[in-house]
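Enquirer: Chain by chain, the residues run as shown.
2 protein chains.
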Amino acid sequence: MLLKLPQRAEEILNSMISEKIKGASYLAEKCVEFYIALIEENISNKEIVRLSNEIVRLFPTVAPIYNVSDHVMKLVREIDDKDVILKRLKDYLTEIQSAKSKTAEIFIKNIEIPSEVVFMTHSYSSAVLELFKKLSSMDISFEVILTESRPDFEGIHLANELEDLGIKYEIITDAQMGLMIKRADVVVVGADCITRRLDVINKAGTFLLALSANYYSVPFYVLAERFKFHPIINHGEELELMERELTVQGKAVRNILFDVTPSRLVTAILTERDIVKPL
Amino acid sequence: MLLKLPQRAEEILNSMISEKIKGASYLAEKCVEFYIALIEENISNKEIVRLSNEIVRLFPTVAPIYNVSDHVMKLVREIDDKDVILKRLKDYLTEIQSAKSKTAEIFIKNIEIPSEVVFMTHSYSSAVLELFKKLSSMDISFEVILTESRPDFEGIHLANELEDLGIKYEIITDAQMGLMIKRADVVVVGADCITRRLDVINKAGTFLLALSANYYSVPFYVLAERFKFHPIINHGEELELMERELTVQGKAVRNILFDVTPSRLVTAILTERDIVKPL
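These protein sequence lines map, in sequence, to chains D and U.
For the first sequence, position 246 (counting from the first letter as 1) is numbered 246 according to the working numbering, and the numbering increases by one without interruption.
So the mapping is simple: the working numbering equals the position in the second sequence, first residue as 1, plus 1000.
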């Protein structure tokens, strides 16, 4: 489907396509690395533009891919010097890498957290993990209720990381979200894409957690670096949600990866720069 | 924990305890058979009363166990003749067995069903399956969206039955309930227990489906034979919900079997006799 890529670029792209656990922040980093590999291998601007269209189409719900590609397109159009472009891209990568930490700081600085608190989350978000890391070094006693996150079990992956950090956690099946929300003080999730109307595209099941939180008046926060905000898509209905094949006990099971949490169910979206409060 | 039981009664009890797929209607039948076995083996009334307390405690959320036990206690207290008791119990068993079919009939007679309709359900309910069976012999074109129902995969079991009946179906992961509800015209689920305030105790995840249906204004019907109505428990919060052990990729995962769907999220409860409409 894609033209012949330089080997390193192809390896990066394949790792992006096969990635099932790590979220959109990870894909954003990989995407910058992909373009760096293309430019280092002297791929022509015309080919880079063509490839960028392909890669954006491969990840329709992942706003960072759109934003990174858009950013790179502007750089290659405006700057002639390959070394300058590469320098700018490496700075951009550093910016992306540090954004989740800043987002966690914005949360800690602005959201009142009791000294004993039960968090709840769904799937795996590196920004959310960053928040838990920071909190674990503070004088806060907290535990995390997390979902196993079928079918790829991102929750088990998160649990392993929490265990390494010595953070108390409890894993539940996805179906128990509505039960366990009663024990939670606050929900934090990541996002793959924030639409212009502030709908949140995230791992399927996030909407169910938002509904549950809403029903029991538990605040529902989304950690989303600015590069996850889609500049064009207005609301979730405009998106074609990615799907992967899944077979359970010999039967085909639908496996749409993402769902849409309408803005009105979101208490606030936190970025590395600000807090976006839906109306 | 229990006293030594006659072999057949013990077999029946073990099959009830180990049953993971079939719902509360099945347990109701098995429970009557359990008491029939006790009486046939000349177990004393005193021992039967003791056993009934034990078995009710084993299945705290399953109203039919409470109701069947209560019914049997009255029979053994009021009637001296073993053969009369057995005759009455066998009639009672027939009544229980036919109730789900009558419940399906009440649904078909009273709920307006378009000639093309998409149903959605969660877990496995023999009353719901009975409804689909009846509809498949009528001039109605329908399909069923069903959840895989982690961790015991009752949905895969239901899918096998639908396949045998030639009914079109689509299986989704539990986490996609909030996505797929948009395609559904009507939700039908079973119940393990209906409280006095008409809260619905059913497989964990039912509450999430009810929240989703409510959000998108999809009617949410519960099929529950009268013996599923608990005469004492007022609302779901009074119940201790059963839990089983579960390990996923070496990690302990909470596995509470049931959740509570508050009455106000229920459009109507259909029984073999009537339609109960929450206020």
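Calculated from the structure, these hints are not laboratory results.
Worth double-checking, as some hints may not be accurate.
Examples of chain U residues toward chain D, derived with CB under 7 Å [what the hints assert, rightly or not]:
no., residue
1, I1043
2, K1046
3, I1048
4, D1152
5, Q1176
6, G1178
7, K1182
Idealized CB from N, CA, C, for every residue including glycine.
Enquirer: Look at each hint and say if it fits the structure.
Expert: Now the hints, each set against the structure:
no., hint, verdict
1, I1043, "violated, 38 Å"
2, K1046, "violated, 39 Å"
3, I1048, "violated, 35 Å"
4, D1152, "violated, 10 Å"
5, Q1176, "holds, 5 Å"
6, G1178, "holds, 4 Å"
7, K1182, "violated, 9 Å"
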